[in-house]
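Here are the chains, one letter per residue:
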Amino acid sequence: MKPFVNRLIGIAAGIAVACAATSTLAADITGAGATFPAPIYVKWAEDYKAKTGIGLNYQAIGSGGGIQQIKNKTVDFGASDKPLAPGELAAAGLTQFPTVIGGVVPVINVPGIKAGEMVLDGATLANICLGKVAFWDDASIKKLNPGLNLPHLAIATVHRADGSGTNFIFTNYLSKMSPQWGSQVGAATSVEWPSGVGAKGNEGVAGNVKQTVGALGYVEFAYAVQNNIAYVRMINHDGVAVAPTAAAFQAASAKTDWVHSADFYVVLTNQAGHDAWPIAGATFILVYKHPQDPARVKQVLSFYKWAYANGGPAAEKLTYVPLPQSTVDAIFKSWHDNIDAAAVP
Amino acid sequence: MVSTDLNENFAASGRDAALRRFTRGDSRFRLLTQLAAFLVVLIFVGIIITLFIGAEPAIKAFGWGFFTSSVWNPVTEKFGAFPLIYGTLVTSALAMIVAVPVGIGIAIFLTELCPRQLKRPIGIAVELLAGIPSIIYGIWGFFIFVPFFQTTIEPWLIGIFANIPILQDMFAGPPYGIGIFTAALILSIMILPFISAVTRDVFATVPPILKEAAYGLGCTTWEVMWRIVLPYSRGGVVGGAMLALGRALGETMAVTFVVGNAHHINMSLLAPGTTISATVANEFAEALGDLYIPALIYAGLILFIITFLVLAAAQLMLRSLDQRSGGGSK
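So the sequence lines, in the order shown, correspond to chains A and B.
Counting in the numbering used here, the first sequence runs from 1 upward without gaps.
Counting in the numbering used here, the second sequence runs from 346 upward without gaps.
It should be emphasised that the hints constitute simulated quantities derived from the structure, not laboratory data.
A quick note: this is a predicted structure, and the numbers were derived from the prediction, not measured.
All clues given are correct.
Per label pair, the in silico range of CB-to-CB distance: (1) I469(B) <-> G53(A): 50 to 58 Å; (2) T395(B) <-> G147(A): 57 to 65 Å; (3) T413(B) <-> N310(A): 54 to 62 Å.
Which bits of chain B does chain A cover? Going by a derived footprint, with three or more residues having C-beta under 8 Å, they are: (4) 412-424; (5) 486-493.
In this text, a Cβ means the ideal position worked out from N, Cα and C, and glycines have one as well.
All chains, please: the whole structure from these sequences, using the hints.
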């Protein structure tokens, strides 16, 4: 009965999208999917409409819903925080490209320890989340933080209770850093958490960490900044302890070989680079390679082409990280290589 | 006389027409009420069928094992609802243990002991409590109650039960502030007004003459309540409690905030857990894969069945109570 369930979701989301679509001009671009990039898409759409008169109607229904909607062809583009594997893209006739980069930041609530004072590495982080490291004065944490006065306090891990792209990026990183995490838990938008407390949304995790003494959680960069929670510095691929900054997220993308990776299927975790933040990820747009209505896809691509050129400051203001120029060039090349010429601006 | 004849003739034909009109109106009215009643049955059956269809892949894949398995792994698509069922039942049971005595106590105070000037303000306060949306309880619970609980109540509980067998396991572990116990307490506050409002109303239906007679015989207030008022209004009290239990079982928003949303079963009541409704609300939007959503719908079906069983049990209980007392109580 899988089709039934799919149809059910399809109908529900379809109605939502259709209702929203009819209320705006027919020429508007419609998209649906990930909630994480929704604020910047909406902001870009506002600026773009002021310039061109073409609006964008973006429904933040979640990555899963976005993938479902583009497959049902009820929207012009889908949006997902988790890149689709090349096989799945090919089967659906879709192609994907990244738009902005976001970083996932471990945040803590340990008395006396301020933002950026604590350093962790991937293996220790995985062991904490596995429940193997249970106290803040564990030898493995002490070794990384010889200067800190760590209390004998139980670590209360806080994770996302809902499925999310943030989860995918975080668990993907832990899987790369800890073979045990990889085999026991794995990487996905929702996983079976070995321990800890679940909270809904980034704001839920941020709130829980702030409330709970001894907590360790992970949130998108923007939430760490806005909520003023103590973040952790991470040891990256090159062995350097880096702080989560826009530059560090950009560095994670800079050395990535987007050009040669099929369909941009890259998760920006544990990337090489002296300044690279190790837990980063891009968010993606899905469109058809051979669209039934090339003109509409052309509008979608024109919108993002405009955003790559002009949307950087707006993105930075909302604590997203724009893609480096080399990546944008690779995206333009991929459009020409993969999508019908009639649909490429 | 002629005029009266005419009048009678006219009246006879007019009466016939009026009577026909009345019967037609009556039958229409009956039809409408019937439709309304059948609609309820139709919706009820429709919901069950939809739940069954939606849950079918999960029922096929997991069968009865769904009730006993504690695995909840979206990556391998293995799902078991035991922690969810456990959390739902334990939070509701604890909430009832706290709320029923307190709720009945409030009702007794309001009907029997309260000074006249206080009756209205307290009564209105209780009713207002019932009108607060559950999200408010959730936010209040999370931002005000949880920190207080974590820093004050939980360490104290862990301390006093530290060396008592069984109890030391029930109140163990690091104080998170959120968990099964916190969820149960928030629930008990939420369902309290239902119990006390309904109970107060049925207490008010007890004929004063019965109470006066009992007082006249020299009964204490306690004896009047325990032997006269409570037996007389038993049905209403149980009904109010069941209404409250129904709300506790299905409560979603407030519980999601404070229960911890962890798919684990822990001996300790202070440990985080989850309930069926909290899990469905949290995970439905981003559930990917062939079995994830069916598993959530299956869990919903189980909640439906639990609620149904609770109400059926309440009916049976009432019937046996009535029989034992010879149908004397309402």
